[in-house]
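Residues per chain, in single letters:
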Amino acid sequence: MATNLTKKSNQDAILEVKDFNVEFWVDGVWYPAVIDMNFEVAAGEVLAIVGESGSGKSTTAMGLMGLLAGNARSSGSVKVKGTELLNQPVSTLRKFRGKEVAYIFQEPMTALNPVYTIGFQIVEVLRTHFDMGPDMARDRAIELIGMVEIPNPEASFDKYPHQLSGGQRQRAMIAQSLACDPALLIADEPTTALDVTVQAEILDLMRGLKDKLNSAVLLITHDMGVVADLSDRILVMKDGLTVEENSADNIFNRPQHPYTKSLLASVPKLGSVKVRTLAAEAKKADSVLEVTNLVIEYPKRGRVPAFRAVDDISFDIKPGEILGLVGESGSGKTTVGRASIGLLPVHSGSIKILGNEIGGAKPRDLKEIRKHTGIVFQDPASSLNPRLPIGESIGEPLFLAGEAKGEELHRRVEDLLDSVELPRSYRNRYPHELSGGQKQRVGIARALALSPDLLIADEPTSALDVSVQARFLELLQELQDSLKFACLFITHDIGVVDILAHRIAVMQNGKLVEIGPRDQILNNPQELYTQSLLAAVPVPNPAEQKKRREARAKLLAKIGK
Amino acid sequence: MASKKDKNVAKESTTVGENAIANRETEGLSQGQIIRRRFMQHKPAVAGLIFMIFFTLFMYSASGIHLGTEKNPINWQGWWPYTIRDITAASGAGDPSWAHPMGLDPLHLDYFALVSRGAEISLMVMVIIGGLGGLLGTIMGAVSGFFGGWIDAIMMRFTDFIITIPAILIGAVIGFRVGNLGVFALAIFLGLFSWTGLARLVRGEFLSLREREFVDAARVAGASNRRIIFKHILPNAIGVIIVSVTLLLAGSILTETGLSYLGFGVQAPDVSLGTLINQYQDAFTVAPWLFWWPGVIIILIALSINFVGDGLRDAFDPRQRRRIKRKDFQLEAAKSRPGK
Chain A
1 MATNLTKKSN QDAILEVKDF NVEFWVDGVW YPAVIDMNFE VAAGEVLAIV
51 GESGSGKSTT AMGLMGLLAG NARSSGSVKV KGTELLNQPV STLRKFRGKE
101 VAYIFQEPMT ALNPVYTIGF QIVEVLRTHF DMGPDMARDR AIELIGMVEI
151 PNPEASFDKY PHQLSGGQRQ RAMIAQSLAC DPALLIADEP TTALDVTVQA
201 EILDLMRGLK DKLNSAVLLI THDMGVVADL SDRILVMKDG LTVEENSADN
251 IFNRPQHPYT KSLLASVPKL GSVKVRTLAA EAKKADSVLE VTNLVIEYPK
301 RGRVPAFRAV DDISFDIKPG EILGLVGESG SGKTTVGRAS IGLLPVHSGS
351 IKILGNEIGG AKPRDLKEIR KHTGIVFQDP ASSLNPRLPI GESIGEPLFL
401 AGEAKGEELH RRVEDLLDSV ELPRSYRNRY PHELSGGQKQ RVGIARALAL
451 SPDLLIADEP TSALDVSVQA RFLELLQELQ DSLKFACLFI THDIGVVDIL
501 AHRIAVMQNG KLVEIGPRDQ ILNNPQELYT QSLLAAVPVP NPAEQKKRRE
551 ARAKLLAKIG K
Chain B
1 MASKKDKNVA KESTTVGENA IANRETEGLS QGQIIRRRFM QHKPAVAGLI
51 FMIFFTLFMY SASGIHLGTE KNPINWQGWW PYTIRDITAA SGAGDPSWAH
101 PMGLDPLHLD YFALVSRGAE ISLMVMVIIG GLGGLLGTIM GAVSGFFGGW
151 IDAIMMRFTD FIITIPAILI GAVIGFRVGN LGVFALAIFL GLFSWTGLAR
201 LVRGEFLSLR EREFVDAARV AGASNRRIIF KHILPNAIGV IIVSVTLLLA
251 GSILTETGLS YLGFGVQAPD VSLGTLINQY QDAFTVAPWL FWWPGVIIIL
301 IALSINFVGD GLRDAFDPRQ RRRIKRKDFQ LEAAKSRPGK
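Chains as they are written, first to last, in the working numbering: chain A, 1 to 561; chain B, 1 to 340.
For reference, chain A alone in the conformation it holds in the complex (with noise of 0.2 Å):
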């Protein structure tokens, strides 16, 4: 295999990354963030960089193209097709950016201007790279639209970022990286910040346009389910060292290294996990919440009419039970999340939290039901004021609730940060001081503060890697089983849902399509939607993803996508 690569690489290798490292200069002292690395990929290759955030991988990929901060410096060697790119100046470098290397970035709202048409952003790529009329431009950007398979490229050219939706948002950034044909691609998480469904589709689209392009792909992700999909070869970094390079097939089914195997063992796979059975007094007693024929409407603001956002929706959760709700971005989830804890107003219908309606209710009554219930919110970033010590942050419920004070609060504060096992010096951080898991921990210390009956959790993994994603399910799960909170989990991952939820209900535009306990709607779905949201999450195995792949476009093809 080995002599097979070098061979390749000698042909026609697209880009030869030799002994490349990455210091970064931080109060005095050079902390190092990618440590000798070496890799080629060859045209039509792709090769993924995979590691947790904190790796060294977004680091390797912007290393390349010159793009760290001013605090950081690069050694070694970059050559793309043959031409030495490492700390060359940038009049240089600027030739090869867009034009022969181009990059896809993980948030497409962000790295699209959002006062320019996506038409008019392709095209100014164009005309910077080549020497061409705006007619020409403009013939080429629609083509290009239609290229990413973004319906109508005609009038799609003159919209806007805001009026499409993420998954042709991102569909755009490739376009537009794609509009100079690029020898290289390099991939920054381009799906992270999509659904599954979105996400399936564009790893379909990607892996179509490699095919088609000839394409060197540099991959770079963290999650080992598109990996498995679209990947030839595969580079495991840890704290910016190599851990272990190899073609997909033998890091799937053989990884040799320690870390790569926690990796794949840390992937929520479906059906892996036993079922959590419920006790059966608590199914007979009285639900914690109980929604019925709920609707929520957005008013209408101008000539923008009314939007239903939830459209009679009724379920349950008993006391100690995990409601999984599950559906794409826009079904409705979060909305009912918010509801249930009185931060959206009720349009019709009710929703009751230990008997007592919240819909409708006077501030004084919900302060009192709030005092049941918590919250963790999907971005723990935003979730956090940025200006309160964190320690703070998590007493305020128990403060304003009158329940503790001075020394008493402060003994509290410090049981929550032990039990969501933080250390309690953290406790006059600021949020930026702490990663995402550890702030996504905050959040929920800040939830139980009140011992709650009902914890609401809104995508509350959904901005974590996999690795501390799985640790921190495993921490709510223990929680849980000492606590005994009900839970209702919202989340659009189902392989998250398997992990914890008893019973499972899945939300399609406002309305719930099938509502029912883990093990019948994981393995015998009733509704085509359920069945088709289940086939599009990546499975870390390329032999069984392929597999799915192809089942997946049956059923699409069934459902007359």
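Source of the hints: derived by calculation from the structure; they are not laboratory data. Treat the hints with care, since some could be wrong.
[Stated by the list, open to error] Computed from the model, here is a short list of chain B residues facing chain A with C-beta under 8 Å: (1) Arg212; (2) Arg219; (3) Ala221; (4) Gly222; (5) His232; (6) Pro235; (7) Ala315; (8) Phe316; (9) Pro318.
[Claimed, not checked] Beyond 12 Å from chain B on every Cβ pair, some chain A residues (computed): (10) Asn113; (11) Pro305; (12) Leu388; (13) Leu528; (14) Lys546.
For each residue, glycine too, the CB sits at the ideal point set by N, CA and C.
Chain A is fixed; fit chain B onto it per the hints.
Then chain B, alone, in the frame of chain A:
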């Protein structure tokens, strides 16, 4: 964006060593305590604050306190032997000497008496205008931005209305109707008209901050609207407020001078730093000390206010902590660049 991430990567590797230090400090601190601590670490700000305190005490004790109108004055005499009305017997051009450290003005009044009196008036005007304008602006902006809807509409139209009225004109009209009420009344009055810009800025900040999830989190925790506004959102908007108030303070000296020039506010023989400069700007070549003393004092006041403002802003913003010193970095980079 990516570069920020990269920095964090490197930063995380430093935390191992830091933990040893961080773990020792386990005593829980409130937001206020942490901010006070961080302010105290900001050396220029502390120096500015100390200077302001001593300077104010020095000037006020030197000239005494003089309030009230011309008809019913309230006076406490200071320790400096001369007042702004004592014409001295000294002869000559009035250069600074031991008896008169800041010299004499053309009427042979002791210039230190004039300057200390001027500084006293100017400081008072500044504090009142800045305090009143800052307070009103923050509250108006906060309430307007936080509640939105019709409250916002009414308050912002009211703000528009205030903006359209020039303060100088109102000052003139009131001065004409009621007569000169003295500096104190003038300062309060100017403060009532100087909050508009700040209110707009604060409102803008609140409009975007109230949509953030931590506001919802606070609400779920049971926080009242008042607590959300002052405890959760306001500290996040403090940068804008401090910058704006600092500008307001510096501007208030000029406004006061302008109005005094028109005959309202500070009237001869009373003085402020602004009127002193205004009066003696032509004396620059003949008796430069007449211009320099009040000028330098205004600069010192403005500088120390800016330092204090800077320190406050940094203390409130937790991200201001570890900044790379550009010079150190480049020095080190040049020293240890491999292969060069």
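Tested hints:
Checking B:Arg212 against chain A: minimum C-beta separation of about 5 Å stays under 8 Å; hint holds. Annotation: interface hint on B:Arg219 holds; nearest CB of chain A at approximately 7 Å, less than 8 Å. Interface restraint check: B:Ala221 against chain A, minimum CB-CB distance 4 Å, threshold 8 Å, status holds. For B:Gly222, the shortest C-beta to C-beta distance to chain A is roughly 4 Å, which falls under 8 Å, so the interface hint holds.
At its closest, the beta carbon of B:His232 sits 5 Å from a beta carbon of chain A; the interface hint therefore holds under the 8 Å criterion. For the restraint placing B:Pro235 at the interface with chain A, the shortest Cβ-Cβ distance is roughly 4 Å, inside the 8 Å limit, so the hint holds. Checking B:Ala315 against chain A: minimum C-beta separation of about 10 Å lies over 8 Å; hint violated. Annotation: B:Phe316 was flagged as interfacial toward chain A, and the flag holds, the nearest CB pair being 6 Å apart, inside 8 Å.
For B:Pro318, the shortest C-beta to C-beta distance to chain A is roughly 4 Å, which falls under 8 Å, so the interface hint holds. No beta-carbon of chain B is positioned within 12 Å of the beta-carbon of A:Asn113; the least distance is around 14 Å. A:Pro305, annotated as away from the interface, keeps every beta carbon of chain B farther than 12 Å; the closest lies near 20 Å. In this structure A:Leu388 is not separated from chain B by more than 12 Å, as the shortest Cβ-Cβ distance comes to only about 6 Å.
At roughly 34 Å from the closest C-beta of chain B, the C-beta of A:Leu528 stays outside 12 Å, upholding its exclusion from the interface. Non-interface call for A:Lys546 relative to chain B: holds, since the shortest CB-CB distance, roughly 32 Å, exceeds 12 Å.
In summary, the numbered hints that this structure violates are 7 and 12.
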